[in-house]
Amino acid sequence: MAALTDAKRLVVKIGSALLVDRATGKLRSEWLHSLAQDVAWLKGQGADVVLVSSGSIALGRGVLGLPATALSLEQSQAAAAVGQIRLARAYEEALAPHDITTAQVLVTLEDSENRRRYLNSRATLETLLGLGVVPIVNENDTVATDEIRYGDNDRLAAQIAVTVGADQLILLSDVDGFYTGNPAEDPFATRFDVIDTITPEIEAMAGDAGSGLSKGGMKTKLMAAQMATAAGCDMAITEGSPLNPLKSLNNGANSTWFKAKLDPHAARKRWISAMKPRGEITVDAGAARALENGKSLLPAGIVEVTGDFGRGDPVAIKDHEGRRLGLGFSRYTAHEADSIKGRKSSEIEDTLGYPGRAVMIHRDDLAL
Numbered sequence: 001m002a003a004l005t006d007a008k009r010l011v012v013k014i015g016s017a018l019l020v021d022r023a024t025g026k027l028r029s030e031w032l033h034s035l036a037q038d039v040a041w042l043k044g045q046g047a048d049v050v051l052v053s054s055g056s057i058a059l060g061r062g063v064l065g066l067p068a069t070a071l072s073l074e075q076s077q078a079a080a081a082v083g084q085i086r087l088a089r090a091y092e093e094a095l096a097p098h099d100i101t102t103a104q105v106l107v108t109l110e111d112s113e114n115r116r117r118y119l120n121s122r123a124t125l126e127t128l129l130g131l132g133v134v135p136i137v138n139e140n141d142t143v144a145t146d147e148i149r150y151g152d153n154d155r156l157a158a159q160i161a162v163t164v165g166a167d168q169l170i171l172l173s174d175v176d177g178f179y180t181g182n183p184a185e186d187p188f189a190t191r192f193d194v195i196d197t198i199t200p201e202i203e204a205m206a207g208d209a210g211s212g213l214s215k216g217g218m219k220t221k222l223m224a225a226q227m228a229t230a231a232g233c234d235m236a237i238t239e240g241s242p243l244n245p246l247k248s249l250n251n252g253a254n255s256t257w258f259k260a261k262l263d264p265h266a267a268r269k270r271w272i273s274a275m276k277p278r279g280e281i282t283v284d285a286g287a288a289r290a291l292e293n294g295k296s297l298l299p300a301g302i303v304e305v306t307g308d309f310g311r312g313d314p315v316a317i318k319d320h321e322g323r324r325l326g327l328g329f330s331r332y333t334a335h336e337a338d339s340i341k342g343r344k345s346s347e348i349e350d351t352l353g354y355p356g357r358a359v360m361i362h363r364d365d366l367a368l
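Following the UniProt record's numbering, the numbering of the sequence shown begins with 1 at its first residue and continues without gaps.
Please note: incorrect hints may appear among the correct ones.
[Unchecked claim] Pairs of lysine-lysine residues, derived as BS3-like cross-links and limited to a Cα-Cα distance of at most 30 Å, are as follows:
1) K8 <-> K247
2) K26 <-> K8
3) K344 <-> K43
4) K341 <-> K43
5) K247 <-> K259
6) K295 <-> K247
7) K261 <-> K247
8) K43 <-> K318
9) K247 <-> K276
10) K219 <-> K261
The set of hints was computed from the structure by calculation and includes no laboratory data.
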């Protein structure tokens, strides 16, 4: 089992039932402040922390006096709009005494699945983490057009973990791990301490039942584990209701750890290298050496651009002799790249007529 103190970057998913008292519809303030203590402890160990938090609809429905029964889409959107501002303020007030700045980041699953929006999300989150901020991420339920996954942010948390290259994903839940069956129904169900490989037999053990405040059952958690571990991120399921749940997990609380085969960096490089390029960029000898030394690709080192690619598309990189050096995500379109090739970063705004990014392909988005 992993130690949280070993991680350089963690994503923690918090379910609605942990944040909001089911009977009163009010925030569980004492629990939230204990979580803030845990976050401060992890940051004190040098780790970056991202929180993926459910709870906006649960809070909003209480404020608006909406029924405990299933809500219509419009009611859910209204509850999210009211609850989201309260949720953000609660996190801000809980973490401020620890001198931790928070940021609200509202995303959708499509923001992670579309490459262009993925790059935008990644750049924003990386900048926030680089500034020492703890992002509070939630699905943008206020403008959702499909069925709102009330309290089910398991998949979203996994995609955020992939986006930021997290070492560990922690799902704080109302169960203390993954069982061979539903422990509420099967007295002989046993909990796994560690799952190295998600087999068809493991998949068959997952059920659908969720809590009264969450639609996310074990199947969604298993989907999250598949996504996270494929990207080199270990994932844990543990009961989050006790105070200081992250310290409790680190101290040996019941849990199930799903183990990744690769580290996040290697897994991301493998993912990028398997993509089909939409264009080609030829670089000079100096840029080729810089890439081999782990640097990003700057516009100044580009001598030729071919193909019709958009921002976020994968492009092949070749040296002046035609040898392929690698593959990476372009931060400019083919037309923009052709306009700024050979130019210094300081000349990009004058060339394009608007501020641009300093690099063509960032080293984190490049597989050699």
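Each hint tested on the structure:
| no. | hint | result |
| --- | --- | --- |
| 1 | K8 <-> K247 | 16 Å, holds |
| 2 | K26 <-> K8 | 33 Å, violated |
| 3 | K344 <-> K43 | 37 Å, violated |
| 4 | K341 <-> K43 | 40 Å, violated |
| 5 | K247 <-> K259 | 20 Å, holds |
| 6 | K295 <-> K247 | 37 Å, violated |
| 7 | K261 <-> K247 | 25 Å, holds |
| 8 | K43 <-> K318 | 41 Å, violated |
| 9 | K247 <-> K276 | 43 Å, violated |
| 10 | K219 <-> K261 | 21 Å, holds |
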